[in-house]
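So the chains spell out like this:
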Amino acid sequence: MSISLTDSAATHVKNYLEKRGKGLGVRLGVKTTGCSGMAYTIEFADQLEAEDQVFEDKGVKVIINPKSMVYLDGTELDFTREGLNEGFKFTNPNEKDRCGCGESFSV
Amino acid sequence: MALLQISEPGQSTAPHEHKLAVGMDLGTTNSLVATVRSGVADTLADEDGVHLLPSVVRYSANGDVTVGSNALSHATTDPLNTLASVKRLMGRSERDLTALEGYLPYKFTRHESNVPRIDTAGGAVTAVEVSAEILKHLRQRAELSLGGELVGVVITVPAYFDDAQRQATKDAATLAGLNVFRLLNEPTAAAVAYGLDQKAEGVTAIYDLGGGTFDISILKLTRGVFEVLSTGGDTALGGDDFDREIAVWLLKHAKVEIDAQAGQDHQLMRRVMKEARRVKEVLSTQQEAHISVRLNKADDFEITLSRNQFETLIEPHINKTIAWCRKALRESGVEPTDVENVVMVGGSTRTPYVREKVAEFFGKEPLTNIDPDKVVAVGAAQQADKLAGNNPDEEMLLLDVLPLSLGIETMGELVEKIIDRNTVIPVTRAQKFTTFKDGQTAMRVHVLQGEREKVSDCRSLATFDLTGIPPMVAGAAHIVVTFQVDADGLLSVSAEEESSGVNASVEVKPSYGLTDIEIETMLNDSFRHAKDDMQMRQLAEQQVEADRVLESLKSALAKDGELLSEDELAKIEQCKSILLAARQGDDSDAIKQAIQDLESDSEEFIARRMNRSVQQVMKGHRVEEFE
Chain A
1 MSISLTDSAA THVKNYLEKR GKGLGVRLGV KTTGCSGMAY TIEFADQLEA
51 EDQVFEDKGV KVIINPKSMV YLDGTELDFT REGLNEGFKF TNPNEKDRCG
101 CGESFSV
Chain B
108 MALLQISEPG QSTAPHEHKL AVGMDLGTTN SLVATVRSGV ADTLADEDGV
158 HLLPSVVRYS ANGDVTVGSN ALSHATTDPL NTLASVKRLM GRSERDLTAL
208 EGYLPYKFTR HESNVPRIDT AGGAVTAVEV SAEILKHLRQ RAELSLGGEL
258 VGVVITVPAY FDDAQRQATK DAATLAGLNV FRLLNEPTAA AVAYGLDQKA
308 EGVTAIYDLG GGTFDISILK LTRGVFEVLS TGGDTALGGD DFDREIAVWL
358 LKHAKVEIDA QAGQDHQLMR RVMKEARRVK EVLSTQQEAH ISVRLNKADD
408 FEITLSRNQF ETLIEPHINK TIAWCRKALR ESGVEPTDVE NVVMVGGSTR
458 TPYVREKVAE FFGKEPLTNI DPDKVVAVGA AQQADKLAGN NPDEEMLLLD
508 VLPLSLGIET MGELVEKIID RNTVIPVTRA QKFTTFKDGQ TAMRVHVLQG
558 EREKVSDCRS LATFDLTGIP PMVAGAAHIV VTFQVDADGL LSVSAEEESS
608 GVNASVEVKP SYGLTDIEIE TMLNDSFRHA KDDMQMRQLA EQQVEADRVL
658 ESLKSALAKD GELLSEDELA KIEQCKSILL AARQGDDSDA IKQAIQDLES
708 DSEEFIARRM NRSVQQVMKG HRVEEFE
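As you go down the protein sequences, you meet chains A and B in turn. At position 94 of the first sequence the residue is numbered 94 (the working numbering), and the sequence of numbers has no breaks. Position in the second sequence (from 1) plus 107 gives the number in the working numbering.
Do not rely on the hints blindly, as some may be mistaken.
Unchecked claim - PhoX-like, lysine-lysine: derived pairs with alpha carbons at most 20 Å apart:
#1 A:K22 - B:K306
#2 B:K471 - A:K19
#3 A:K14 - A:K58
#4 B:K666 - B:K683
#5 B:K434 - B:K481
#6 B:K666 - B:K544
#7 A:K19 - B:K666
#8 B:K699 - B:K678
#9 A:K31 - B:K126
#10 A:K58 - A:K19
#11 A:K19 - A:K61
#12 B:K214 - B:K243
Stated by the list, open to error - Okay, the calculated bits of chain B under chain A, using three or more residues with CB under 8 Å as the criterion:
#13 139 to 148
#14 163 to 172
#15 242 to 253
Stated by the list, open to error - Far from chain A, by Cβ distances over 12 Å, these chain B residues were calculated:
#16 A109
#17 L110
#18 S119
#19 H424
#20 V656
#21 E675
#22 K683
#23 I713
Simulated from the structure, these hints should not be mistaken for laboratory data. Model, not experiment: these values are computed from the prediction. Glycine included, each C-beta is placed from N, C-alpha and C at the ideal position.
Start from the sequences, fold in the hints, and give me the full structure.
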């Protein structure tokens, strides 16, 4: 099982964590919501739960709840620019379909 | 797919529910837009990576409107259609134009409305419309950067902006299709950017030195609310003066006569000013700067300017800002040592000597780690993020206060303050008034803003009439006047007569405003004239009292005059004429004395009138019935 970050994603996460002044790393997750059934979440992580799985890549801790892990295994987190817009992007091999807006997906 | 931002723990939003909110710094020279992404507030750049948007709009004959650096590049070739610094025109009236016409190089057209219009190739435009173009541009940049529509914005305004100027800014936002969460004072936004609103309390000084303007604001934080204790500044003092000092020094050493030669040679002057600016920036990090500028076709002039020399050149300008700081502190009754934090705003605070002198004056290192050009927009973005409800755990802050007191005109051309300056807004205050004459059926409500005691010394905001008051004796009607100021500092006033329920109201939306200098003058005047104003108020109050006494004596004599003997009547008439004479003079003590004399001489008369009315009431009844 693995989760990875691109260089750009790692740099930005580290940068945001530093400016925020606290936090162990980022927590990635999957929510059952949205037009295609599921949506990605990305949050700062301040504490670890007992069942959490922790991955470390390029100096960044990625924390994932086992329920989400099922859908996220093999995912690469990227930070990209599209025109003026910028933000994090999930590249997830489990993903089968997406809603038109790209905010939610199904597996 | 949609690009995601990192949320706070447990606060991920559902798809399509991200609330996009931004802060906008609508500046005189440059404007900025900022937002909070992944917990960090930062300004947004355009396609070329440039954050600052020059506050310049160009109107072409074919109807094209260009904003920002594309417009700025035409400033010299097409000056009449390329509008800059319109912030100085926001909320101004036609009447203010005479003073401005020489200052802003535009053609103004007369119009039947009170709002000045600038004549351009693309038609006549108001300052509000020009500002709306700038805001629209920032909105597009924000929506492209955030990938969605904005739910709301926080726009910053100078602390000294009055009602009209704030309203004009709000109107511009509406024209740009923006939902304004709130207008926020610029110094308050800077303090928010440094997280100073998270503290319990304390005094903060905001030192704002831009290219052409200087502002100092002393803020006091109490329970999450920033109160503006005092503001001061100079609308013609800034980093441009530093450039000019270097240019003059350079020309002097190159032995170029400024008036005779260079003054006429615009090309040369532009080259020299450009070099001066570069040298100033170099000296922010280096101890000396090498200057090379082409003075004429033949050769380049070369010289080195050290940081020490530069500091000597700009010292007089910095000393001026320090003098303003001292004045602002004195006005707010705060000692330099009481100031807990000093926040630096504006590009010119990058000059190390400015920081040094400010640190020396306040006795502490100023806060400089946020980019001084961006700090106001960053604070506005943080406030916008909170107001959008993106951080449900955080307490909502009410951050603003009223810049000048609001009141109404009462008898004697006096101003009765209803809401004092520096009251936290939004606020609603009501005060009871009554009628002055018997049978008075209408009352004119004249709404004023300012610190002085006399109507003519304050600014008139609106007038409306409350009619249909049932006829009653003077003083019997209860008229409640309610002032309501919303979160943006905008006012509505209503008046209601309690017994009959008749009411009238007005939304104060003035179409002209005061200049910052006028506001400052108004504030200073109120301090300087405090004593005169007090005496004037006492005199006016005594005059009103005299009128009231004379009025009631007149109606009493008409009704019960036969209760008096001729002697008694003569005595009262004599007192009355003394009072009438004193009423014409300007000695409030004399009027007071005359009123007292008249009252003591008519005591017997009043007693008899009382007896008579009691007897009339009791006629046919026994005393016990009244116990």
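B:K666 paired with B:K683 [C-alpha distance capped at 20 Å]:
Roughly 17 Å separates the two Cα atoms, so the pair holds.
Just double-check B:V656 for me: nearest Cβ-Cβ distance to chain A has to come out over 12 Å.
holds (70 Å)
For the pair we were handed, A:K58 and A:K19, check the Cα-Cα distance against 20 Å.
holds (18 Å)
Chain A over the region 163 to 172 of chain B, status - at least 3 residues with CB closer than 8 Å
Check failed, 0 qualifying residues.
Tell me if the straight-line CA distance from A:K31 to B:K126 falls inside 20 Å.
Given pair A:K31, B:K126 holds - Cα atoms ~18 Å apart, limit 20 Å.
Hinted pair, alpha-carbon criterion (20 Å max): B:K699, B:K678. Please report holds or violated.
holds (18 Å)
Compute the least Cβ-Cβ separation between B:L110 and chain A, then decide whether it is above 12 Å.
violated (3 Å)
Within 20 Å, alpha carbon to alpha carbon, are B:K666 and B:K544?
Roughly 16 Å between the alpha carbons, so the hint for B:K666 and B:K544 holds.
Status of B:K683, Cβ more than 12 Å from any chain A Cβ
holds (78 Å)
Does the claim that B:H424 lies off the interface hold, with its Cβ farther than 12 Å from every Cβ of chain A?
Answer for B:H424: holds, closest chain A Cβ roughly 35 Å.
Between the alpha carbons of B:K471 and A:K19, is the straight-line distance 20 Å or under?
With Cα atoms ~24 Å apart, B:K471 and A:K19 exceed 20 Å; violated.
Holds or violated: the region 139 to 148 of chain B covered by chain A, criterion of 3 or more residues with Cβ-Cβ distance under 8 Å?
Held - the region 139 to 148 of chain B has 4 residues with a Cβ nearer than 8 Å to chain A, which meets the minimum of three.
Checked against the numbered hints above, the structure violates hints 2, 5, 7, 12, 14, 16, 17 and 18; every other hint is satisfied.
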